[in-house]
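Trainee: Protein chains in written order, with the numbering used here: chain A, 1 to 395; chain B, 1001 to 1256.
For the record, the hints were derived by calculation from the structure and aren't laboratory data. Quantities reported herein were computed from a predicted structural model and do not represent experimental measurements. Beta carbons are placed, not taken as given, at the ideal position from N, Cα and C, and that holds for glycine. A portion of the hints provided could be inaccurate.
[Unchecked claim] Computed cross-link-like contacts, DSSO-like style, restricted to lysine-lysine with a CA-CA straight-line distance of at most 30 Å:
1. B:K1159 <-> B:K1243
2. A:K193 <-> A:K270
3. A:K269 <-> B:K1134
4. B:K1121 <-> A:K270
[Stated by the list, open to error] Derived CB-CB ranges, DEER-like:
5. A:W379 <-> B:E1069: 27 to 37 Å
6. A:M373 <-> B:K1159: 25 to 35 Å
7. B:G1210 <-> A:I74: 55 to 65 Å
8. B:K1237 <-> A:L229: 54 to 64 Å
9. A:F169 <-> B:E1069: 18 to 28 Å
10. B:G1241 <-> A:I353: 39 to 49 Å
11. A:H5 <-> B:I1119: 51 to 61 Å
12. B:I1105 <-> A:H5: 21 to 31 Å
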Amino acid sequence: MTIEHVHGELWTLKELFTYPNEFIYWTVHIAIYPYLTGLVAGAFVLSSLYHVFGKQELKPVAKFSLIFSFALLIMAPQPLLLFHLTQPQRSFNVFFTPHFYSAIAAFGVVFSTYMAIVAVEIWFAYRKFIVEQAMTRKGIMRLIYKAMTLGSYDVSEKALHTDERAIKFLAAIGIPAACFLHGYVGFIFGSVKSVAFWFTPLMPVIFLMSAIVSGVALCIFTYIIAMKLMKREIDIAATRSMGQVLAWFMIVAFTLELLDIVSHGYAAKKDWEILSTIIFDRFAFNIFALQWGLGMVVPMILLFLPGLTIRRAFISSALVLMGVFMMRWNVVIGGQSMSKSLAGYMTYKMPVIPYNIETFREGLVAVIFLLVMPFVLLWLFDRILPVFKNQGAGH
Amino acid sequence: MKHSRRDFLKLGFITLAGVTLPLSAFELLTPEALATIKKGNGKRWAFVLDTTKCIGCGMCVKACKLENEIPFEANVSRTWVERYVELKNGEVLIDSPKEGRYGYIKNDPQGRNIKEEDIAKGFFVCKLCNQCEKPSCVQVCPVGATYKTPDGVILIDRKWCIGCGYCIQNCPYGARFFHPVYNTAEKCTFCYHRITKGMNSACVDACAFGARKIGNINDPNSEVHRIVNTERVMVLKPEYGNKPMVFYVGHDSIVR
Ligand code: SF4
Ligand code: SF4
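Could you put the whole structure together from the sequences, leaning on the hints where they help?
Mentor: As C-alpha cells, this is what we get:
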C-alpha cells in the first residue's frame, strides 16, 4: 500500500490529547454551504414580503431578490458537491438510496422542491417580458425567449391577473419551503450528538434566523452596489424598508444565539469545561468581537437610529454579512475544535496556496470561486431577465 | 398552440406529482430494518478488553494495520492504544503517539519527562470501533453506505460511500476516519472477514497477553459471554446511548 496523506491532516493542528483519528473533517466549505443556503432563504423571504404581504416599498427590489435567490440556490450545494465530498462522482447516490434517517439525505428532495418553486415563480413574474421579447427580438435571442415562453403567449389582462395570483401563491408556499430548507440545514448540525457545540434543538431556529438576516443584508448590499455601478438612483424607501426587516430579524437571531450559549453554560454538562474554553478563549474574539459585536450590535444600532441613510444601510449590511459568515465559521470550525475526548484541541489552518489537489479543493481558491459565482450568475441572468426593471406581470 | 394559464398549472402539478411518486416508490428500508428481515442466527459479536493485562506494546495496532491494509505510516488506525498517567498532584496525562503502533517504551507521556515517584497510577487502554447496538454513525449516513450486519458488526461499503464525513462526526468515540487510499469512510470491523470464517480478529491473535477477546456474546460457552456476565465490566461513554459492544475490564474514571 502506498503511503498517502490522511484526509484532514494537512490543515489540522492537534494539541494535548485528541483521538488519533480525529481531524477537522468538515472545513470551510461546510461553513460556506449553510451560508449560501441562508442567503437564498433571506433573499426569497424579502421578495415574498412584497408579493405576499404587499409591502409596497419593497417593489423595486422584489424581482431582484427573487432572481438573486435563484442564483444563490444554484451555488448553495456546490461547496458540498464540488469540493467537500471525497467521492464527488457518487453524489447522485443520495437520490438512488436516500437513507431518510440522515439529515443530509433529505437534501435532494427539499432542495429540488424549493428550486422548482423559485424557478416557476420567476417564470410567472417575467412572463409578460418574455413574450414581448419573443415577439420583438431577432436571431438567437428570439429563439431563447421563444423557448422560455413554453408556448404560452397569452398576455391579456385576464391572463396576467392569473399570473399574479400564481406568483402570490408560489411566494406564499415558498416561505415555509425556505424556512424548511434552512431549518433543515440547521438540523444537520443540531442532530450530531457527539459534537457538544452543535447538539441543541435550538440549532435549526438559530440557523433560520441568521439565514434571513444574512439574505436581507446581501440584498441591501448588492442592490446599493448595483445601483451605484449602473449610476441609477437608489430607492431610499426600499432601502429603509429592507433595513427595518433586517433589524427586526436581527433581534430574534441575536436573542437565540445568546440563549444557546447561556443554556450550554447554565446546564454545564460534562463537556462544558472544555466547551467554555472554546467559547470564552479560543473563539472569544471570533464570537464576541466579530460575530456579535461588529456583526450584530453595531449594525443593529446603525439600523435603529432614526433617519437611516444609504451609507449607514450599506455599512450595516456589510457588517451583518461578515457577522453571519463568522457565525457559520464559529459553529462549524469551533464545534470541531474541541476533541471528542474532551481533553484536547484541534486548530484549523485553511490552505491558502494550493500545492496539490487536496489543498486546491479545500482551500482559499475554491472559497473565492464559491463566493464570487452567485454574483456572476446574477449578472448572467440580468442579461436575459432584467433584474432591476419593473416590467412584466406581478405589479 | 395556445395554452391557458389553467392548462399550464395543471400540467405543472401533474409533472410535480409524476416526479414525486417514483421517489416515494423507494421503500424506506433502513439498514437496521434490513437486518431484522434477514434475521441473524442469534449471533452477536462482542469484544472484551482487559486493560489490566495490556502492557502497551502496540502489537495489536501493527497487526491491524497490516491485516486491514491501512498504510502503516498513515496517522490513522482502526484500533489504537492510549496511555493514561495520573500524577500524585492529580494531573492526568493522556496520549497516543502514532496510535501506539510502535509501543510505549519510554516514560514520556505527552512528551514530558515524568519522575517515576510522581506517578500515582498509569495504564493503557485499547480502543476500536464499539460495533454499537445503536450506531449513531449508521443513523446519519445519507446514502446507507454504512450498515449493521445481522450479527451486529457495522460495515462500510467502499463502493457506495460518497465521503461526506457525516458518520465520522457522529461517532462519539473517534473510531472513524477516511481511508488514505480509498478515500472513503473507514473503521474497525472486528476483522469481519476473519471472524465469519471461524478465525479471531487479527489484533486478538497478535496480543501476547490475552488483553483482547472476541466472541459471540449470546453463546453461553464463549469467554466473552462469561466475562461480561460474571465480571464487573464497563463500556465507554454510555451517556450517548449507543450501547457499545466493547466491554472493558479494569475501567477507570479518567478514561476518555
Ligand atoms: S463506535 Fe462509532 S463507528 Fe463504531 S459503531 Fe459505534 S458509533 Fe459507529
Ligand atoms: S462518509 Fe460515507 S459512510 Fe460515512 S456518512 Fe458519508 S457516505 Fe455514509
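Trainee: With reference to the structure, classify each hint as holding or not holding.
Mentor: Hint check results:
Using a Cα cut-off of 30 Å, the hinted pair K1159 of chain B and K1243 of chain B holds, with the two alpha carbons roughly 28 Å apart. The hinted pair formed by K193 of chain A and K270 of chain A meets the criterion: a straight-line CA distance of about 13 Å does not exceed 30 Å. Between the alpha carbons of K269 of chain A and K1134 of chain B the distance comes to roughly 23 Å, so the proposed pair stays at or under 30 Å and holds. For the given pair, K1121 of chain B sits about 23 Å from K270 of chain A by alpha-carbon distance, which is consistent with the 30 Å threshold.
About 49 Å separates the C-beta atoms of W379 of chain A and E1069 of chain B, a value inconsistent with the hinted range of 27 to 37 Å. Here the CB-CB span from M373 of chain A to K1159 of chain B is close to 32 Å, well matched to the stated 25 to 35 Å. Judged by the Cβ atoms, the range 55 to 65 Å given for G1210 of chain B and I74 of chain A holds: they are separated by roughly 59 Å. At about 56 Å, the CB distance of K1237 of chain B to L229 of chain A agrees with the hint of 54 to 64 Å.
Checked against the hint of 18 to 28 Å, the C-beta distance between F169 of chain A and E1069 of chain B comes to roughly 57 Å, which is inconsistent with it. Under the hint 39 to 49 Å, the C-beta atoms of G1241 of chain B and I353 of chain A, about 44 Å apart, fit the expected range. Between H5 of chain A and I1119 of chain B the C-beta distance comes to about 36 Å, which lies outside the given range of 51 to 61 Å. Separated by about 27 Å at the C-beta atoms, I1105 of chain B and H5 of chain A satisfy the suggested range of 21 to 31 Å.
Going down the numbered hints, you'll see the structure goes against 5, 9 and 11, while the others check out.
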